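Enquirer: Take a look at the letters that make up each chain.
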Amino acid sequence: MKKKINPMTRKSFVTYGMLLIVFIAVEIMLNTGNISSMLQGLLVPICVYAILAVSLNLTVGILGELSLGQAGFMCIGAYSSAIFSNLVKDSITQPFIRFPIAIIIGGLCAALFGIIIGIPVLRLRGDYLAIVTLAFGEIIKNVFAALYIGYDSAGLHISLKSQGDLGLGADGKMMINGALGISGTPNDSTFEIAAAILFITLIIAYNFVNSRTGRAVMSIRDNRIAAESVGINITKYKLITFGLTAFLAGVAGVLYSHNFYSLQASKFDYNMSILVLVFVVLGGIGSIRGSVIAAAVLTMLPEFLRSVNKYRMLMYAVVLIVMMICTSNETIRNFFVRNFEKLKGLIIKNKSKTVKEAE
Amino acid sequence: MAFLENLINGISLGSIYAVIALGYTLVYGIAKMLNFAHGDVIMVGGYVVFNAIVKANLNPWLSVLLAVVACTVLGITIEKVAYKPLRKATSLSVLITAIGVSYFLQNMALLVFGEKPVTFTSVISIPKISLFDGKVVIKGETTAAIIASVIIVVGLSLFVNHTQKGRAMLAVSEDKDAAQLMGINVNSTISLTFAIGSGLAAIAGVLLCSSYPILSNTTGAMPGIKAFVAAVLGGIGSIPGAMIGGIAIGIIEILGRAYISPQLADAIVFAVLILVLMIKPTGILGKKVNEKV
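So the sequences go chain by chain: P and H.
Reminder that position 349 of the first sequence reads as 349 in this note's numbering, one-by-one numbering, no gaps.
Reminder that position 271 of the second sequence reads as 271 in this note's numbering, one-by-one numbering, no gaps.
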C-alpha cells in the first residue's frame, strides 16, 4: 500500500520547493548579471517583509488575534543587533561569525520584550489587544527616538534629552544618537543569508502549526472557552505564539538594520505594521505560503509599475477592505463559491471559521 | 503659574479628546467595534472647514456646519459600505476592515488635499482671558473647547437617556437581538450612532485644528488613538466616562510634555492605557460584562 503523505507536510514541502526554485533562479540571474540594480536592492527587503508577514500570520492566522506591534518588535531586533555589530565590528571582522550572533541577539531581545509585554497584555482579546500592541509599538518607537547612548573610558552614558547632555569624554563614541538613530552598522545582510533565514522561518512556522502546540493554539482561536474547558492553558499557548512572532519579527529587524548604513526609529512606525498586515490579509489569513507570495509581489509591484506608486497606499487600504468583505460576508462569499469553483479551496478555510462563529 | 497654565492647556486638549472619545464610546457601545477610522474623520472635518474658509470664503459658522454635515454623511457611508456587510463576521475581520478604512481616508486625503500640511486659521473669535495680572492667559480656543465639550456631553447624555431614539441606542447596546424583537430598527440605530459620532468628530476637528493649527492627512490619527485611550480609561460605553477619561489624558499628556520629555509624551499616554487595562480593564465608570458561554 502506498503510504499517504500528510497534507500539511505536502503543503510545506511544496512551499520549500517553490522558494528553492525562486532562489536558484535569482542566483543564476545575479551571477549572469541579468538583474536590474533596482530589483537587486529589493531582494533583502523582500525576504525581510516575507519573514515579518509569516511571523504576523502566526498571531493573526493561527492565534486569531491582531497584533499591530510588529514594527515595535522589529525595532528592538534592529537596534539591539545594530548596537552589538557596531561594538564588535573591529574585534570580530568575519561577518560569518558576527552576523549569526547578531541575529540571535536581535531575535532573543525581541522575544524577551514580546513575553514581557505579553504577560499582562494577553489577558486582553480582540480590539483591546490590537490597540495595546499598537500603543506598545509607538512607545518603543518614541523611546528609541528619544534615546541617546554613548560610551567613553568612564563607562556608559545614557540620556533622554540630547547628545550634549551625555557629557562624553574626548574618546567617547555615540551608540544611539536620538532621532538620528544608529549609523555605521556593517552591511552584513546579503540575499543568501536573508533567503536562508526566510527558509528557516518557514520551517519553524510550518512545524509550529503542525505541532501539538500549534493545534492547541488553533483550538483557542476556534473556541476559547471549549479549549479552556479541556484543560488547555490559554495564557501559556498565547504567550508562546506571541513570543515566537516577536522573535521572528526581531530577526527580520536584524536583517533590515544590517542592510542599511544608518537606522532611525521613525522607520518602524504604524505604517510598517499595517504594511505587514496587508501582506498577511492579501496572502490569506492563516496561509503561510500566501504571506510570502503577497510580501514578494507587493514589495516588487510599485517598482515595476512606477505609475501606480502614487496610489500604492490607497491600493493597500482597498485590499484590506475588499478582502475582508469578500471573505467574511456570507452573501458575497457564497457568490464566489458558486461561481468560482477553483477559488473554493481558498474560501472554505475561512468559511468553516465564520460558520462556527455564527452558531 | 506655569503649572496652572499647563493644567488649563491640559484640560483644553482633554476636552477635545473627550469629544472624540464620545464617538468611539458610542460606536463601541452599540456596534461593538473599534472604529479605527474615527480619528481620520476628524482630519476630513478639518480639511472641509479649511477649504470652505480659504477657498470658498464662507463664514466660519457656516463652514463648521458644512463640516458637520460632510462628516455625518461620510460616517454613514463608511458604516453602510464597509461595516454593515460584516455585521456577522468575526471581530478580527471587522477590525482589519476598520484599519483599512482609516488607511483609505488618510491616503485619499493625501491625493485630494495634497501632501503639504496646511496652516489652519482658527475659527474661534472668543477673546483671551487674562488672570493674575496677565501671568496666566487663557486663549479663546481653550475656552471654546471646554464649553463645547461640556455642552456636547450634557446634550448627548440627555439625548441618550430621555429620547426615544436615544433609548433605542441603549437597548441595542444592551442586546441587539432582544432590541430587534422589541421593534427597534437595529440598522438605522447603528447608522444614527455613526452619524452622531462622525458629526462630533467634525466639531472635534475644528477645535483641534484651531488649537494646533497644522493640518495634514495624518492629523487625526494620533489624537484618534489617544481619544480611544481616553474612552478606555473612562470606561468604554459611558458618556461621562469619556469626559473624565479625555480630560485625564489631556492633562497627563501636557504635563508629561512639560515636565518629563516632549518626545515621550505619547509614550506616557500609551503607558497609561497599558496600566489601565492591566489594573482595571473596565475603566473608571465602565460596567463589567460577564461572558456568556
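Bear in mind the hints are in silico, worked out from the structure with no lab data behind them.
Mixed in with the good hints there might be a few duds.
Said to hold, decoys possible - If we take Cβ atoms under 8 Å as the criterion, some of the chain P residues that face chain H in the derived model are:
#: 1; residue: 6
#: 2; residue: 18
#: 3; residue: 64
#: 4; residue: 124
#: 5; residue: 132
#: 6; residue: 139
#: 7; residue: 281
#: 8; residue: 325
Claimed, not checked - Restricting the straight-line Cα-Cα distance to at most 20 Å, the calculated cross-link-like pairs of lysine to any residue (SDA-like) are:
#: 9; chain 1: H; residue 1: 80; chain 2: P; residue 2: 173
#: 10; chain 1: P; residue 1: 161; chain 2: H; residue 2: 259
#: 11; chain 1: P; residue 1: 310; chain 2: H; residue 2: 111
#: 12; chain 1: H; residue 1: 280; chain 2: P; residue 2: 126
#: 13; chain 1: H; residue 1: 88; chain 2: P; residue 2: 310
#: 14; chain 1: H; residue 1: 80; chain 2: P; residue 2: 332
#: 15; chain 1: H; residue 1: 84; chain 2: P; residue 2: 331
Stated by the list, open to error - FRET-style restraints, in silico, Cβ to Cβ:
#: 16; chain 1: H; residue 1: 80; chain 2: P; residue 2: 311; range: 19 to 29 Å
#: 17; chain 1: P; residue 1: 309; chain 2: H; residue 2: 58; range: 52 to 62 Å
#: 18; chain 1: P; residue 1: 179; chain 2: H; residue 2: 58; range: 33 to 43 Å
#: 19; chain 1: H; residue 1: 119; chain 2: P; residue 2: 153; range: 41 to 51 Å
#: 20; chain 1: H; residue 1: 132; chain 2: P; residue 2: 153; range: 32 to 42 Å
#: 21; chain 1: H; residue 1: 213; chain 2: P; residue 2: 304; range: 38 to 48 Å
#: 22; chain 1: H; residue 1: 137; chain 2: P; residue 2: 225; range: 17 to 27 Å
The structure displayed is predicted, hence computed values, not measured ones.
Where is the CB? At the ideal position from N, CA and C, for every residue including glycine.
Enquirer: Looking back at the hints listed earlier, which ones does the structure fail to meet?
Expert: 1, 2, 9, 13, 17, 20 and 22
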